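S.K.: Line by line, the protein sequences are chains R, B, A and F.
So in the numbering used here the end of the first sequence lands on 368, straight run, no missing numbers.
So in the numbering used here the end of the second sequence lands on 368, straight run, no missing numbers.
So in the numbering used here the end of the third sequence lands on 368, straight run, no missing numbers.
So in the numbering used here the end of the fourth sequence lands on 368, straight run, no missing numbers.
Treat the hints loosely; a few may be bogus.
Copies of the same chain look alike in the list, so a pair counts if it fits in one copy or across any two.
[Unchecked claim] Cross-link-like lysine-lysine pairs, in silico, DSSO-like; alpha carbons within 27 Å at most: (1) Lys186 - Lys160; (2) Lys127 - Lys62; (3) Lys114 - Lys320; (4) Lys114 - Lys186; (5) Lys106 - Lys160; (6) Lys62 - Lys211; (7) Lys127 - Lys273; (8) Lys25 - Lys273; (9) Lys160 - Lys211; (10) Lys73 - Lys186; (11) Lys273 - Lys186.
Keep in mind that the hints were calculated from the coordinates and are not lab data.
None of these values were measured; they are calculated from a predicted model.
The chain contents come next:
4 protein chains.
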Amino acid sequence: MIKAGIIGSTGYAGAELVRILLRHPEAEIVWYGSRSYVGKEYAEIYGSYFKIVDSVCLDDNLDELANEADVIFTATPQGFCASKMTEELLRKTKVIDLSADYRIKDPKRYEEWYGIHHETPEFLQEAVYGLPELNREKIRTARLIANPGCFPTCSILTVLPAVKRGLIDQDTLIIDAKSGTTGAGRGAKVQNLYCEVNETVKAYGVTVHRHTPEIEDQIACISGHPSVVQFTPHLIPMNRGIFATVYASLKPGVTEEDFRKAYEEEYKDETFVRVLGDGRIPETRWVKGSNYADVGFKIDQRTGRAVMMGAIDNIVKGAAGQAVQNMNLLFGLPEDSGLRMVPESV
Amino acid sequence: MIKAGIIGSTGYAGAELVRILLRHPEAEIVWYGSRSYVGKEYAEIYGSYFKIVDSVCLDDNLDELANEADVIFTATPQGFCASKMTEELLRKTKVIDLSADYRIKDPKRYEEWYGIHHETPEFLQEAVYGLPELNREKIRTARLIANPGCFPTCSILTVLPAVKRGLIDQDTLIIDAKSGTTGAGRGAKVQNLYCEVNETVKAYGVTVHRHTPEIEDQIACISGHPSVVQFTPHLIPMNRGIFATVYASLKPGVTEEDFRKAYEEEYKDETFVRVLGDGRIPETRWVKGSNYADVGFKIDQRTGRAVMMGAIDNIVKGAAGQAVQNMNLLFGLPEDSGLRMVPESV
Amino acid sequence: MIKAGIIGSTGYAGAELVRILLRHPEAEIVWYGSRSYVGKEYAEIYGSYFKIVDSVCLDDNLDELANEADVIFTATPQGFCASKMTEELLRKTKVIDLSADYRIKDPKRYEEWYGIHHETPEFLQEAVYGLPELNREKIRTARLIANPGCFPTCSILTVLPAVKRGLIDQDTLIIDAKSGTTGAGRGAKVQNLYCEVNETVKAYGVTVHRHTPEIEDQIACISGHPSVVQFTPHLIPMNRGIFATVYASLKPGVTEEDFRKAYEEEYKDETFVRVLGDGRIPETRWVKGSNYADVGFKIDQRTGRAVMMGAIDNIVKGAAGQAVQNMNLLFGLPEDSGLRMVPESV
Amino acid sequence: MIKAGIIGSTGYAGAELVRILLRHPEAEIVWYGSRSYVGKEYAEIYGSYFKIVDSVCLDDNLDELANEADVIFTATPQGFCASKMTEELLRKTKVIDLSADYRIKDPKRYEEWYGIHHETPEFLQEAVYGLPELNREKIRTARLIANPGCFPTCSILTVLPAVKRGLIDQDTLIIDAKSGTTGAGRGAKVQNLYCEVNETVKAYGVTVHRHTPEIEDQIACISGHPSVVQFTPHLIPMNRGIFATVYASLKPGVTEEDFRKAYEEEYKDETFVRVLGDGRIPETRWVKGSNYADVGFKIDQRTGRAVMMGAIDNIVKGAAGQAVQNMNLLFGLPEDSGLRMVPESV
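I would like the entire structure built from these sequences, with the hints used as guidance.
M.R.: Next comes the structure, spelled out in structure tokens:
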């Protein structure tokens, strides 16, 4: 059994890691870290785990944890993981970081968009961007995984085949994303109160959202040439789910059949990416609670554009599920081990 | 592998049966029945099952199905199952009926409350009321299971220990229940449109709801003497969940400790009933997506009453999950086989 | 024009006071008090008031405000208003207190249920409980109004005719209430975050909720004899609305016609109480955004009980609307002045 | 008093017309038309109007109605109004059509996008597109108003100043819109049931939505040259509101100040368009229940694009409110007569 420790286990991504790992056939949780709730029973914070988890929340002691765990998940605020990273830690244990600390290779770029000084840039080159559909082989042998952001996961999987095969003009990419409110975290803020989110929609982080450079970097990796991307997230009154609507101009002569072929071929061996059939549009409910990413597209010859659409559960494929997928790869397990959750029908 | 057929597989309870059986280690679905969608791919109705289920909806042919299936689940409108029941059918296969047809032993009482003539009352005595916490042994050897209603399941489990041990005056029982909207079914009715249910609460079926006699009959079974029960359901803007608040006058001298002892002892071997600790109140979210029933109580010496509270997921423990629990018992499997879903944390 | 000052104008009840007073033909707001947002533009906190309100939030200076305002609304936490009350203040201005400070005449009872020492009990006898349907004449000449709580308003109006005419056994009263989340206030608490309230229902304050003694006191006022009441509130995933389901045993021989007569007669001159016709059940959406209280009932001869039901908008008739209704009475205006809002159809 | 008749008064837009006209100082409703509910009390369909409206629903008899009403609002399915239009009707009464029948001047284009044959194209040239911010003077003297669609209203008002002043490359316009579920109408369809819309987001009508040609035509009117527009609507789990996020490439040298100036100047005399200050993003809740359109923008020099955003209440400014605004213009009343609703704070 893989021994797993979770730092930040009482946030929404952390709690979803718990839900998934509890039913994982090859892993067990040895450490429920939560700075805010040290000493409190985990099942008191999330009543769902009553009579399932009888552990108590522990402090964020990475050094001690490294001796006990085969893998540490850090579901922590930006900057935390980078501030604690050491060579010794990585010698003892694998680290899957759900924060953004190791996602952007250029520390200056990280500091510009995040406004945080990166304390351990020496690990940036080693860290592997943990999108299995992109970096499966590198992940298998990594010590430190930069688990992708929720918006980048959804956005990249939505456009990957089109970008890789050059079907679109990459410089025209516009990503309009809609996210459920778990994406805003579990911090006690007025703006995230029920009555402030319910019955309303708004954009946020317009032109400056931190996931922008992450998306741009990966698009550049896929195609081999850099470009700027327009990214606008919106907050939606629902708990889970991200829907990305992506617009791009078609390269001359590109047809619906080219898209169909690209998507079917690129994803034909992927367990967790479902390419929808003609005319089918993703919906976030069809992936809720599961690790699937559903992708589809419509070609608009009238406007000369592709409209590509993707849907994920932001705290599963966009966070905890993907982290476990990475864990499976790191430890040589079947990639879908513990991840065969069927999405809810309603 | 148990071969299971589902009649009414595109309703909400039917679709949840699919979700559960798809991950059941000892069962497989051989028949996706749905009168409304005959010939249509099941995954077109519920996109969640895309690339998971590749079957097509079939008609409601119980006779043909009986030859193929070891067990048939009827998640159908009231009257359907009773109209099709035959001795031959029960010789060939087990039937778990999720409708109310065999829940009430007295056909006149059934006809009074449901306004439907019962076509096969000869099977009423044989049918076992499928609440495992009450009738576990009888279920094991049954051919025909009357799967309990969602409100009765929640209500009965909430009061069972108090009623059984005579801690309350049974004639004072008042059940005020709050249900998510899956309980209203998937029929295309104006009153169940999003905008008609969202941002509002109402009572319905006040004094005349059909689950009343079912609750009364089981309360009478538990205590050995009949009584009338006040039952009022309310419709709540959420998908899943039932919360029952039950009021009853305390018998003289009864204390909080008597309640604590009764609940802990009655449920100590039950996998799916969780008795909450002192001061903890159930919430429907803590059982969402799982087969748990969470129960708790507060003793109010000031008013001389007990306030007993229970929460279930109406389409799991209140329908599909309980049906699978019954199937497990019918086939000698571990009672929690395929039912170890961890409730969602959010 | 009546000059009105609002202390606590950025809470949900305060903001609703603003919405109503802005369109009141005889009143204007001269003071937007908000300790948390002093110096900030009011329209920055509630974007709805952009280009409608150009005032800035001021501190909670009651003395200064008393010189400027004809009436002060205190939409503040328990204890605040009582701590500031002086004879001088009441000589200069009228006070309508939306907190509980002057609702319970017995300061010991207040301190027991609220856990707060009452600093100015000398004003308790003078304060008038501001439920116009009960105390209209006293309100007209008062200086200090104790604006009723949201649950008591809904509960009392739901049972008033039955209690007043002795149709029910008052000692059997059980009130099961369901409230929207504005009732939980605008404080930044984890338990009120969108994802903690959405898709779930729970009871709270079971057997100990602070509105219990207020309801009991008013029931005693109406009938002339005291009794204990069972009161249980529940939190519902919606913004606005309270639905109260009230159970009580019928006095011998009481019929549906007795109830019909009692309700029609008691409320025949009330602008804001709508007695629903036979078989109609209230819904919170039918009163949303308005000052109406809708009440209805079903007589259950089978159980010997009445089920009385009421619905209000908790921040209108349950708070701000009722406060303006009281202001209208205090200043000799038509009672519905500024309060003729038509409830939203959807 | 203006006598107003409403055809289709029980749909969501029709019901909102009722809510607004009931409080309009210069209008009264003389005809509650509703083919589906003929003979039924209007207040039985919408309980909000109990004791406010005591009328009964009438059939859709335009000829008879024309004799009684000064203005007829047709809140009816596409094709209805065009099928009934006659010269005689327009001689007797004004018509404000909330359907799309007279919005698109070219009947072939209408038939292409709507798949409906236009029965009275002879009135297309006379009909005035009823967006007051665009066509105020023409509206005043019209007989037949084509009340704009909800998405076009929001989209056009969001981009009008930028398009009119040529600040953007009009051929790059992409409109990504998010709509509440009242936009889907009140028809009894499975896809609009509470449980099918709640907790999910999806796009619909991708590349083929019928509001596309309407938006394109008006953009062409404003700028004087035609272009194709990419338009994608999404369905959001909330009742009311549309949020439009509009992307376009900046013309060379265009700055944030150019935008600021354009928006402030264009809208400086508009009562119902609120241009948000620097850094402020619209939210649909800030306009809920009101006739306001809130617009804002962010200039992204990094990508060379403008991100323009607008929010309206889809059944007020996007339907019924705008229709009343048009009525006010038609009858020489102040444009905001009956329309000074303050948006809800929560």
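S.K.: So, for every hint listed, does it hold in this structure?
M.R.: Comparing the hints with the structure gives:
In the homo-oligomer, the alpha carbons of Lys186 and Lys160 lie at most 27 Å apart inside one protomer (19 Å), although the nearest pairing across protomers, at 52 Å, exceeds that limit. In this homomeric assembly, Lys127 and Lys62 never come within 27 Å of each other (Cα to Cα): the closest approach is 37 Å inside a single copy and 41 Å across copies. In this homomeric assembly, Lys114 and Lys320 never come within 27 Å of each other (Cα to Cα): the closest approach is 48 Å inside a single copy and 47 Å across copies. In this assembly of identical chains, the alpha carbons of Lys114 and Lys186 never lie at most 27 Å apart, being 37 Å within a copy and 56 Å across copies at closest.
In this assembly of identical chains, the alpha carbons of Lys106 and Lys160 lie at most 27 Å apart only when taken from the same copy (23 Å versus 59 Å across copies). Taking the shortest alpha-carbon separations for Lys62 and Lys211, both the intra-copy value of 22 Å and the inter-copy value of 18 Å come in at or below 27 Å. Proximity of Lys127 to Lys273 under the C-alpha cut-off of 27 Å is found in neither arrangement, the shortest distances being 30 Å within a copy and 33 Å between copies. With identical chains, the CA atoms of Lys25 and Lys273 are never at most 27 Å apart, being 49 Å at best within one copy and 51 Å at best between copies.
Neither within a single protomer nor between protomers do Lys160 and Lys211 lie at most 27 Å apart by alpha-carbon distance, with minima of 39 Å and 42 Å respectively. In this homomeric assembly, Lys73 and Lys186 come within 27 Å of each other (Cα to Cα) only across copies, at 24 Å, whereas the closest approach inside a single copy is 48 Å. Proximity of Lys273 and Lys186 under a CA criterion of 27 Å is satisfied intra-copy only: 13 Å inside one chain copy versus 30 Å between copies.
Going through the hint list in order, the structure does not satisfy hints 2, 3, 4, 7, 8, 9.
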